[in-house]
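Heads up: the sequence lines are chains U and X, in that order.
Counting with this note's numbering, you get residues 1 to 109 for the letters of the first sequence.
Counting with this note's numbering, you get residues 1 to 877 for the letters of the second sequence.
Among the hints, erroneous ones may be present.
Said to hold, decoys possible - Restraint-style ranges between C-beta atoms, simulated for each label pair:
#1 A21/U with E228/X: 51 to 61 Å
#2 A21/U with N713/X: 47 to 57 Å
#3 G42/U with G323/X: 50 to 60 Å
#4 A21/U with E546/X: 13 to 23 Å
#5 E546/X with G42/U: 30 to 40 Å
#6 S136/X with G42/U: 37 to 47 Å
#7 A21/U with E716/X: 25 to 35 Å
#8 P549/X with G42/U: 19 to 29 Å
#9 E82/X with G42/U: 39 to 49 Å
#10 E827/X with G42/U: 18 to 28 Å
Don't read these hints as lab results, they were simulated from the structure.
The beta-carbon is built from N, C-alpha and C at its ideal position, and this holds for glycine as well.
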Amino acid sequence: MTTTQSPAREVRVGHLDEVPAGEGRAYVVDGEQVAVFRHRSGRVSAVQAVCPHSGGPLADGQIDEDVVVCPLHLFAWDLATGESRNGQPPLRVHPCRVAGDGSVVVGAC
Amino acid sequence: MTATTDRPTTTPATATALPAQRGRARRRLVVVGNGMAGARAVEEILARGGAEQFSVTMFGDEPYGNYNRIALSHVLAGEEEEHGIFLNALPWYADNGIDLRAGVRATFVDRHARLVHDDTGARTPYDVLVLATGSSPFFPAMTGLRREDGSLLPGVFGFRTLDDTRAMLAEAGLHSRAVVIGGGLLGLEAAHGLQKHGLDVDLVHSPKHLMNQQLNAEAGRVLQGRIEALGIGVHTAARTVALTGEERVSGVLLADGRELAADMVVVTAGIRPNAELAARSGLLVERAVVVDDAMRCTGDDGEDAGEVYAVGECVQHRGETYGLVAPLWEQASVLADRLTGTDPAAEYHGSRTATKLKVAGVDVAAMGLSEPERVDDEFVVFSEPRRGIYSSAVVRDGRLVGATLVGDVRKVAFLQQAFDQGLPLPEERVQLLFDMGTPSEETGAAELDDCAQVCNCNGVSKAAIVDAVRGGCSTVGQVVDATRAGKGCGSCKSLVAQITEWAAGGDLAVDESANWYVPAIPMDKQQLTAAIRERDLRSVSAVFRELAPAGAEDAKSKMALTSLLRVIWPGGVVEERDARFVNDRVHANIQRDGTFSVVPQMKGGVTTPEQLRRIADVADRYAVGMVKVTGGQRIDLLGVRKEDLPRMWADLGMPSGYAYGKSMRTVKTCVGTDFCRFGLGDSTQLGIDLETRFQGLECPAKLKLAVVGCPRNCAEAYVKDVGVVAVGAGRWEIYVGGAAGASVRKGDLLATVDSPEEVIALSGRFIQFYREWAGWLERTYDFVPRLGIERVRKVVVEDSDGLAAGLDARLQEAVGAYVDPWSEGREPVVPGQFRPSLPLVDLPLVPRRPGGAPGGVLPDVHSSSDATAQVAEEVAP
Ligand code: SRM
Ligand SMILES: Cc1cc2nc3c(=O)[nH]c(=O)nc-3n(C[C@H](O)[C@H](O)[C@H](O)COP(=O)(O)OP(=O)(O)OC[C@H]3O[C@@H](n4cnc5c(N)ncnc54)[C@H](O)[C@@H]3O)c2cc1C
Ligand code: SF4
Ligand code: FES
Chain U
1 MTTTQSPARE
11 VRVGHLDEVP
21 AGEGRAYVVD
31 GEQVAVFRHR
41 SGRVSAVQAV
51 CPHSGGPLAD
61 GQIDEDVVVC
71 PLHLFAWDLA
81 TGESRNGQPP
91 LRVHPCRVAG
101 DGSVVVGAC
Chain X
1 MTATTDRPTT
11 TPATATALPA
21 QRGRARRRLV
31 VVGNGMAGAR
41 AVEEILARGG
51 AEQFSVTMFG
61 DEPYGNYNRI
71 ALSHVLAGEE
81 EEHGIFLNAL
91 PWYADNGIDL
101 RAGVRATFVD
111 RHARLVHDDT
121 GARTPYDVLV
131 LATGSSPFFP
141 AMTGLRREDG
151 SLLPGVFGFR
161 TLDDTRAMLA
171 EAGLHSRAVV
181 IGGGLLGLEA
191 AHGLQKHGLD
201 VDLVHSPKHL
211 MNQQLNAEAG
221 RVLQGRIEAL
231 GIGVHTAART
241 VALTGEERVS
251 GVLLADGREL
261 AADMVVVTAG
271 IRPNAELAAR
281 SGLLVERAVV
291 VDDAMRCTGD
301 DGEDAGEVYA
311 VGECVQHRGE
321 TYGLVAPLWE
331 QASVLADRLT
341 GTDPAAEYHG
351 SRTATKLKVA
361 GVDVAAMGLS
371 EPERVDDEFV
381 VFSEPRRGIY
391 SSAVVRDGRL
401 VGATLVGDVR
411 KVAFLQQAFD
421 QGLPLPEERV
431 QLLFDMGTPS
441 EETGAAELDD
451 CAQVCNCNGV
461 SKAAIVDAVR
471 GGCSTVGQVV
481 DATRAGKGCG
491 SCKSLVAQIT
501 EWAAGGDLAV
511 DESANWYVPA
521 IPMDKQQLTA
531 AIRERDLRSV
541 SAVFRELAPA
551 GAEDAKSKMA
561 LTSLLRVIWP
571 GGVVEERDAR
581 FVNDRVHANI
591 QRDGTFSVVP
601 QMKGGVTTPE
611 QLRRIADVAD
621 RYAVGMVKVT
631 GGQRIDLLGV
641 RKEDLPRMWA
651 DLGMPSGYAY
661 GKSMRTVKTC
671 VGTDFCRFGL
681 GDSTQLGIDL
691 ETRFQGLECP
701 AKLKLAVVGC
711 PRNCAEAYVK
721 DVGVVAVGAG
731 RWEIYVGGAA
741 GASVRKGDLL
751 ATVDSPEEVI
761 ALSGRFIQFY
771 REWAGWLERT
781 YDFVPRLGIE
791 RVRKVVVEDS
801 DGLAAGLDAR
811 LQEAVGAYVD
821 PWSEGREPVV
831 PGQFRPSLPL
841 VDLPLVPRRP
851 GGAPGGVLPD
861 VHSSSDATAQ
871 VAEEVAP
């Protein structure tokens, strides 16, 4: 339900160049889809790709440094904690980082 | 079967979600009833640290989490969506370690063995039991109400649960006449809701006036006038004796012999507390489950019933039962104080019910007495039935003991406080009802007691609102989100706004942010536009960097800023795709399953066999979910996969119809002079010319146009943002600010002109004025009345402010910079622009119509696609 601290293992999902600044893209990690976002500051975040509200594609949402706004009903979630800003169920947050070679690496939950 | 099928009282979820126990076992708290009172009681218990003392099990025979029952009225009226009304969704229970038995009904309580039996046959042990079973609709005796098996005659409904509401919604669209039996709060809401779905509604009420529980006769009649003005037939002093119809209800028979035809009947003739479970289990039940000041039940033999409590509508306390939510918040908090030991002496002393409601769109407030009872009671009354306004107050020994307001409830905060606290009253009694030197609304907010309840529906006090503002909420919207105040019946919204403004700073502080163009930047549209021009800001991130506090970007402001930049700098914007909403990234409208809809341009609604063939071919080739003629006079291809969009546009070879953007959408036309025997002007050609000129213009909100050849108005020009009507002798009327969507408004006549060229010029100038001056998402139906048509006419037609030349020039620039967005897609603008964001897991897919059915398509002939999302490789540890 909330951040899992110790991911079983890490998975390389793609290259940072595939995710334009400020946008999100969906990847599959262990048969589960994960939305990876590239913040304009250069950081990356990763959360479950399916909106817990009604199944919206979160990778199509809009973000800033803190939240993602789902494109279907415009509810917002905190990308660091997964908490909803509108009383919705929380998002699963995956640890996520950019490796030295520009790979995006996501922790499987 | 064993004596007890003890379920483990601590589920795995509980074990992980809760802090370690301090040595002693938690007691087992079982709550029967997962409605507004039951769930609230548990919330209050958890808020007092109850999770460490209790493991909680809840039974709820509705298969859902806890929702705001009050908001069912809004759901029925189509004003709110189902998913918006949940107060505690299912994950909340798991997150708090609550074992929720959703869809399970408790059938018997064995008080001696301390077991709750349920309809699955299981028995659950408790140490503490709370009953919160609420109440059920009461169906008065009427011939024909039930079938032989005891079930209701089809077409007859109660109005209590989400399932009731769903059932009514499912049928509302299929029928045309409804009768509502019972003219109290619920009946009025049901009548209003059904009427919104286009049904003819009659309301039958056996007492002499509406809402007789809360209102006196005169107030009831004033309310009746308002209800009748909505088009609802009201029959008071009319008793229903029978329902007619064999297979399904067909009418309602009244005692006076009249019969009202009906294909739906809603019975809202009162409620009955759900007390059978308690009675069957040997607890004392009179009209409802009897509790003492500690909310504790007794045995029907007068003996101690052990740790058994009850709260909510199923309860009778000091002889009173309640049918509104406010009292149950108080009960829940007393119960929680007691059970957690926070205040072991807490007592409930009954509630003074004050009703403050929005009924069928009409504000109603009532508290205490509705009429004088003693000879020396003072009675102050103001009644203006024509406008539907009624106010009265009852004063006894210098204290307010009752007040009633219908239609205008601005004085409710003041009256409520005077009523609750016995404040001294103004010597001139008329000031109770009108502001004549009595506390104005603002000071009303200031003087309101901290613990005064502002939102009865969700139990929010003034202090909670003030806390939310102190905690950082800076707009009314944020306060509403944070506290839920105003999210029930909505009648307290203006008071919530007043308190927010007051708490946010001083008497005169207006909620500045209401005028900001976007939430992230403290400037109105004109200030923002000036700053952007002055600093020559060309990208959304530059605007955030330079103008937002701390330079922070804000996801919810991006789309509005993109639009504004494109209005300010036609053709000269530094593109940032992330600042666009997904629809504008892929030039199509996103749908519930993440697919998109494609609407090609079809100017003026005129098409050709050649275009139709191409559309048909594309529909086949990409196996679209549905082909549909839209309300905007063109053709929609629905359920298209994101990755198919670029190829589809190429195959169509038609420009975008902009059915997805906050932009000019369509110009609807009628067949006009070429074919119609009444046509007075060539509406078809003028519509095509307007669409050609204004295609794709980004606007603060959607912009829809229509042109008709005569005032018969076949293409609905009177209700468009800009509507043009030929009136003969070469003359055309231009209407602006019309709407027939969520609001219905006839446009205001801007001007009557002599040629199509003048129509194009003036409507263009109006559109540019709107683009530059309207707030984000402000449709013309709000913009025009906000300024007043006279003001708009002065600026646009008479050029009172010397703006015309500039507006015309900037519009021309925007028109000149137009590029069809569908020409872009062939090469993605950014990597992965058309990659699916659809998860592999199941989603609520839009239905594919079967091939051959109307609107259907052939089976999936389209196979090759790059739809599979990229699968990751594992990183070597
Ligand atoms: C396709 C169409 C219905 C149809 O099958 O005919 C349609 C479909 C949608 N309408 Fe509409 N509207 C359609 C004509 C209308 C009309 C009639 C008209 O344009 O003459 C109206 C009333 C006129 C008006 O707008 O004032 C209309 C009033 C609305 C509203 C209410 C707007 C308001 O402020 O009152 C919304 C909601 C909104 O904009 O927030 C809306 C929103 C929507 C959206 C875009 C919902 C959304 O945001 O996703 C629907 C997209 C469905 C989808 O999955 O693609 N639609 N909608 C029509 C497309 C017309 C077109 O060719 O462009
Ligand atoms: C359409 C509508 C509009 C309303 N508008 C307003 C308003 O504007 N203002 C206002 O103050 N009030 C309003 N009310 C009244 C308000 O909703 C009720 O006062 C409130 O819901 C009562 O809460 P409760 O928990 O006592 O009962 P409920 O909310 O009815 O909860 C009881 C729950 O217990 C369940 N249950 C019953 N027996 C069992 C059993 N044996 N086993 C398991 N579960 C059981 C029921 O299914 C139900 O889910 C409105 C009500 C309706 C229906
Ligand atoms: S509006 Fe007039 S011209 Fe157009 S179709 Fe109707 S009657 Fe004919
Ligand atoms: S599906 Fe995401 S907010 Fe509704």
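Of all the hints given earlier, name the ones this structure violates by number, lowest first.
Violated hints (numbers, rising): 5, 6 and 7; every other hint is consistent with the structure.
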